[in-house]
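K.L.:
These protein sequences, in sequence, are chains A and B. Taken in order, the first sequence gives residues 1 to 357; the numbers are from the UniProt record's numbering. Taken in order, the second sequence gives residues 1 to 395; the numbers are from the UniProt record's numbering.
Derived from the structure by calculation, the hints contain no laboratory data. Note that CB positions come from ideal geometry on N, CA and C, so glycine has one too. It is possible that part of the hints are untrue.
[Claimed, not checked] Using C-beta positions, here's what the derived DEER-type ranges look like:
#1 A:Ser59 with B:Lys100: 42 to 52 Å
#2 A:Leu143 with B:Glu140: 35 to 45 Å
#3 B:Arg289 with A:Asp101: 45 to 55 Å
#4 A:Ser59 with B:Asp157: 25 to 35 Å
#5 A:Pro267 with B:His378: 22 to 32 Å
#6 A:Glu332 with B:Glu140: 32 to 42 Å
#7 A:Pro267 with B:Arg324: 26 to 36 Å
#8 B:Asn180 with A:Lys225: 13 to 23 Å
#9 A:Glu332 with B:Gln224: 24 to 34 Å
#10 A:Val94 with B:Phe301: 52 to 62 Å
#11 B:Asp157 with A:Leu143: 44 to 54 Å
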Amino acid sequence: MNSRNLSKDGETCIHGTCLDMCPPEEMNLRIREKLVHILEVTTEGYKLVKCYSRSAADSNMAIPSNLRPFPTLMTTTQYLLLNVSKRKDVKMSVIYNFLDDRLRSVRQDMTIQRLHPKECVKLLEPMIRFYNYYGYRLCEYPLKEYDPVLNKKYLLECIKWFLTCCDTLEETNIECMTDILKDLYLSKDNILSCDRPLVESLYVLCNLSDIHPLYRYLSLPNHLKRSKLKLAYEIAVANKLGNYVRVWRLAEQLCPLTFAALCLYLPTMQKRGLQVISTAYNSKQLKVPTKVIQQWLGFTSEDEVRVMCDYYGQMATDVVCFNKALFRSVAEVPQPKQHYMARISRLELEDIMFYTI
Amino acid sequence: MTSTGTLNQYIQTVERMYRLSEGDELARLISLRDSHVTNRNLRSSDIASLVEGNCVAPIDEIIICHLLCVKAVIEKDYLAAYSHQSQCVVSVVKVLMSQKDQNWCLPLMYTTCLDLRLVAQKAEATQPQSNGKILEKAAESLLSCFRVCCADNRTSDEDTKRHGMLYLANQLLKVYFRINKLHLCKPLIRAIDSSSLWYQFPLAQQITYRYFVGRKAMFDSEYQAANEYLSFAFENCHKKSHKNKRLILTYLVPVKMLLGYMPTKQLLEKYNLLQFWDLVSVVKNGDLRGIDSVMEKHEKFFISAGIYLIVEKLKITAYRNLFRKVFLVENTHQIDIASFQAALQVMGEKDVDSDETQCIVANLIYQGKIKGYISYQHKKVVVSKQTAFPPLSSM
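Here chain B stands alone, though its shape is the one from the complex (with noise of 0.2 Å):
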């Protein structure tokens, strides 16, 4: 109906919507990605005056920045549709405000939210120069929806908006990781952490956060948590969702790599990430020349997904399983400093010499991958009699 009816017919059915409480319909009817936008009869070049006065406030606010913004988005005015857009969260904010103790509206307020974000995100792709400032600006006015469902903390936990929390922390994330502002994440992760509601929130949305947190934590060098957090999202995300599990194996296979769990080449093929199937092979043969190789033949791919540096971090579990092949070759508990000098040399570390081939094995041990101690005088690697080189995964 809405897709070819009247204004006024338009503005009743916002309205009744509004009088039932229909948090649902509603959303729909003020979303950008909704059938009636493509309505001509709602593309009036004087939508305010002739909203004003034929419906009731508060909802009139919301269909008058609504419409103008639908205009500026058929019009390809990305930024005048933003600041439309940005107002139009703003008069949400107020209804949400007004609201006590319900909480029906959220739908509205995911909506707006959502269209916030990518109104913006098409603002800033048509304003090369204004790098980020538009996304930020569009972050603040998250932020205060954000701020009024967190504070909402006196009603049930039936109607309380605080609901509404993990939505708006998703939107949040994807703006921050966009314009690269990732120390602003940690408040958000704070308040959502000490969430009572976490089992309650929708599943989806859960997943999404994790894999934020997951990517943040992977920054922060943190890889346990990042394991974790990556996996729950990998393990629940929806098998059909191809796109969305290929992007979170994107993180989590450098992250199980570097806890010592490899990939299966079936797993790669699958999601078409057989960049890091290179990676493998080289890794397990202790191959240095390898990994510098791989590294540059994918350094796009790496450094774009920011998982470079977690890759370089790769080459000690490299030594390691290079200094076992030589342990296993030698046959021995007494291994001479030259002999894994002379392996380093051969798999392409031309320059190492016996100060610093000590050096690797000495953080290997410190690290605990290698059981052992060095013995400087005699230039040898004293090993564990039992399980020389335990498995990385059992640590």
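Only chain A is shown next, with the shape it has when bound in the complex (with noise of 0.2 Å):
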């Protein structure tokens, strides 16, 4: 069964002939003009991937000699995702910004040619994953370097593309979706996982100030509904009611992935628990230890606490003296820092793409 002609308005869909990472088109135009990159040098040679392109009104995107069929185009996400990552001879953020425009074309590979679900959520997950990591590693980068916005905008792309497939998949057949979830976990050495627990956990923790990706949890399936994804739903609700001492509480138990999505959130957890501190303990004479706050509201430091209540106009030494007249909500909330618990600081990109939760 050709599963490319699943698709379902009956139009027929291009089939990529390219069964290398880079066309040879792009390829040999490239080295001729000096625009290989400096990841595409390898020891073993030049090794192209092919760059990501705008579509223009006068390119045409659809020549088949252009495009990569699905076995390629995992190959070339288990290239770049598994062994481009490895290198240690350039900046991270480098790394980033090769690896995310590499990516974009896989994804625009797969638009035009129109892949099945089946084969999407496949590609989409090490994405998923991919801009998770990067998106917490380069936190603390120049704007210049690394740009937090496009990096969400991406991921929540691929999430809710990865979303999207499996609600296909399970609508048109249940029997169809085991088949792809067990030869998925069974994920051994270089075979990318496939998690959906983890992408719906993702898509909540990402997204703790909009409601929406609760009322999703809600309609999901019972037996997702009891897998680890609750644990992210029941950090979002406690977000929703303000129990920041819960949230921190729970967040022991997230993965490495989701910490790391959560730790992005904090500095607006932080905005917010501080402002409810500081009008329940207003006062002019009782304080509150620093210690307790970095407790209750997820700071690395002591020193922390005390710059953020600065920031928000509370007074702050060892102990902190609340005043509710004097916080500045106008203040803006301050870029995410590398948070001293999140695991996935010492780990590598290839660690954290074969776990499932």
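Need the complex rebuilt from these two chains, each delivered in its own frame; the hints are there to steer you.
P.N.:
Given below as structure tokens:
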């Protein structure tokens, strides 16, 4: 059965014929014009990967010889995420920007060929891990080297695409879904895994200020709701109720990737937490130990507490003297920082590619 | 007459109503819900050639599409019926656009649009893999009508097609809620809310609109607005529309509860919504374990109505009620955090510690539901001498 003919509208789809990571046409052009990226120069010679290019009105994107079929896309993605990411001779942000571009071109090929959802999920899941991993690792980088807004945009694009595929698969054929899951969960060495509960969890935890991922969670079938995904839901509800103590206590059970997603939300939670505390503990005489604030709101150190209290207009030494009238609620939420408890800081991209929650 | 007459008689009647600008009669003759659809004489296999040349344009196209649709519906081929009906709407749009400064045709538009939605729903039900695609396409057709109506802003208030906007907006809202594409509602709502004709729209349409907009506000956690819209819908809904009133209450009751108004048992009994009564007593008593078990018991109902998260939020009200009881029992203005913590533990939150208790109290103070402050050093909550727990409905 040719899965690509399953396109619902009965329209024909284009099938790529390019079996290399980069179409020969582009390869020749880029070598001639000296447009080879440093990460495409390896000890084994040139290893070019197709670039992302915007679809313009005068360019024909749908040329089969320039499009890579699913198996090639799969090996390309694996090569990018497992081999290129190990390079140590360039800065992390350079690796990220290179991988981001080449993965976008993979997604572009997927779109043009309208790959079957079964194939899409396999390609998208590792990309979701990728965006999540670097979204955390690069969070302290300056804007000119790393753009968190774009990272979030592509991350959500991949997550939503992945989840839509899961919904389609679930509706068309329950059995076929369990088949995929069966061969995906048994991830062995160097075969990328496909973990739906993880992606569903990330969808909730990357959107903690939005209520709609929770509606989605509630509509999911029970076998998913009973999975590890429940933890993400409980954290989101605790956050909705303003219960920062419980959020932080539950966070201890998160896996490296989901914990990293929560860390990126932390500055928002800390701002709201400090605002609540500055009202509830508002007093001229009474004080709260800085250490306690650190524990409640997941700050990395007492110094960080002092800096943030100062930022929001509160007096802090070893103790914080809260004053609700002085709280600067107009102050913008600061950029997230690496957290000492995040295991992901000590892991390579490869380490977070294979585990399932 | 039309349920037995010949095809030619039918065509002549339609033509006459068209010439006389009898919008309502014309609409009835093009409706899928009228007795003429049972007339076998109208079901020829070659309708197009029979009608063509026998009838004035542009009404001929509408008749052809309509009768083809009738045939498909009777043969239960809903996908074909949908495509004929959507062609029919295209023809109606053409008619509307050609008629400047008049709006007598609006009833025809209402009927064909309503039928389109109903047929699309039927088609959707027979095509499970469509996953809302057919209804989405139907919404596009409805939008093309909506645009024609919106754009008619140079005609006098009496003759403008803008009178048709609300009817279409309601049809579109129904579709968007069904296919769960609530983000598409925004431009519609903006168009209606900025319309100067609001008070001239029929009350029934206003009610439907307020019902959907209220539900949308509820999903977006704008509870005050939701309360206003849904209350309008409930108060103005005809008292004999029991089913509709029940639907409105399904959303209005939890929103009201969140704002501090508890429903009476009598009301809930009348509308068969006693699921909420279980909730009322546990929230009133601050019985957190009870809330969990009510949520589990009625999980299906709460989730399918989309109010599960609101019920989750009612826990805050339950905390407040529980702490108020502690305050009344202790009869002092300085209450130990430990007393609140013990109360939480007795009520089912077993793993709660002093820190989390303080956090819950802090949030209540922040929201103004408790008047007072916390002393970390003394582990005490000091509450105001006057109205330490102001009534929720006063906020």
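K.L.:
Hints first: check each against the structure and report whether it holds.
P.N.:
Tested hints:
For the pair Ser59 (chain A) and Lys100 (chain B), the supplied restraint of 42 to 52 Å holds, since their beta-carbon distance comes to about 44 Å. Between Leu143 (chain A) and Glu140 (chain B), the C-beta spacing of about 40 Å keeps the proposed range 35 to 45 Å intact. For Arg289 (chain B) and Asp101 (chain A), the hinted distance range of 45 to 55 Å is satisfied, since their beta carbons lie about 53 Å from each other. For Ser59 (chain A) and Asp157 (chain B), the hinted distance range of 25 to 35 Å is not satisfied, since their beta carbons lie about 51 Å from each other.
At roughly 31 Å, the beta carbons of Pro267 (chain A) and His378 (chain B) sit within the given window of 22 to 32 Å. The given range of 32 to 42 Å is respected by Glu332 (chain A) and Glu140 (chain B), whose C-beta atoms sit roughly 40 Å from each other. At roughly 34 Å, the beta-carbon separation of Pro267 (chain A) and Arg324 (chain B) lies within the given 26 to 36 Å, and the hint holds. Distance hint check for Asn180 (chain B) and Lys225 (chain A): the Cβ-Cβ separation is about 18 Å, which falls inside the suggested range of 13 to 23 Å.
A beta carbon spacing of about 27 Å between Glu332 (chain A) and Gln224 (chain B) agrees with the range 24 to 34 Å that was offered as a hint. Roughly 54 Å separates the CB atoms of Val94 (chain A) and Phe301 (chain B), a value that falls within the hinted 52 to 62 Å. Here the CB-CB span from Asp157 (chain B) to Leu143 (chain A) is close to 53 Å, well matched to the stated 44 to 54 Å.
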